[in-house]
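Peer 1: Taking the hints into account, I'd like the entire structure generated from these sequences.
Take the sequence shown: its position 36, counted from the start at 1, is 36 in this note's numbering, and no numbers get skipped.
Derived lysine to aspartate or glutamate pairs resembling EDC-like cross-links, with alpha carbons at most 20 angstroms apart:
1. K33 to D232
2. K217 to D207
3. K5 to D206
4. K5 to D16
5. K5 to E182
Think of the hints as simulated: they come from the structure by calculation, not from any bench.
All figures in this text were calculated on a predicted structure; none of them were measured in a lab.
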Amino acid sequence: MPIEKAARRILAYCTDPRSGWGVYDLAAIHARKAGMLDEVTAWSLLLANALNAQVTLGDAAAFERSRRGEFASLLGRIPPEVDLDEMIERDLDRVIAACSFGFTGVWGPKATKLAALFRPRSVPVLDGHIAVAFGFGREAFSDRAVQRSLTRQERIAEVVRALARGIAAHRPEIAELRALVEPTVPEVQLISDLRLVDMALWTSQDDRQQRRAKQGKRWEERPVGPRLPIEDFEAQPLPRLALETE
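Peer 2: What follows is the structure, encoded as structure tokens:
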């Protein structure tokens, strides 16, 4: 896609308070700094709702201790400071394994929206829009059906590896895209190339969907709003009350 159009969509996305930019991306930066994403809790799956994962109470209840342990183990094997496009084969396999985690009601879209909060430099968000962008059906990451003669894990592996290759091959273009967005949204410098590419792919696919009234204009046509400052998404500590003395 033309870089100018990709930048236009990302600018609209990153200045829309109803998108995931503030409550998912910016809030997660603070959460990671505070150590809030150093462990997988009984409530963790609910965090995926910040990116419209539509996690239900039943999903959260089914994310019981053994499943949380499996999920944490898969994430813990992924080096947190290495970008997807710079990973060696062993670590790519670990990303694929983490993206393949799931259980009834919680497959690729919900699971990877959560996993990407813990490993934002290497775990992509795999939802229906991304599936279509890579030539699969919308349910490619959500069920066990065969598409293009590939199993679910093989489809995930194909997309993860394609993203790694694509980012590595297009670093100059990604840098140009980031530079176009940065004057309006300086916080774009805080996200990975993977997340930047994900937003460009997702918004471009979303613009191709038949619109419903509540969805509003296509990202390419939406006005760019005011910056959402990262400071607005800091945690607010409870005040310490002084002990009253008689």
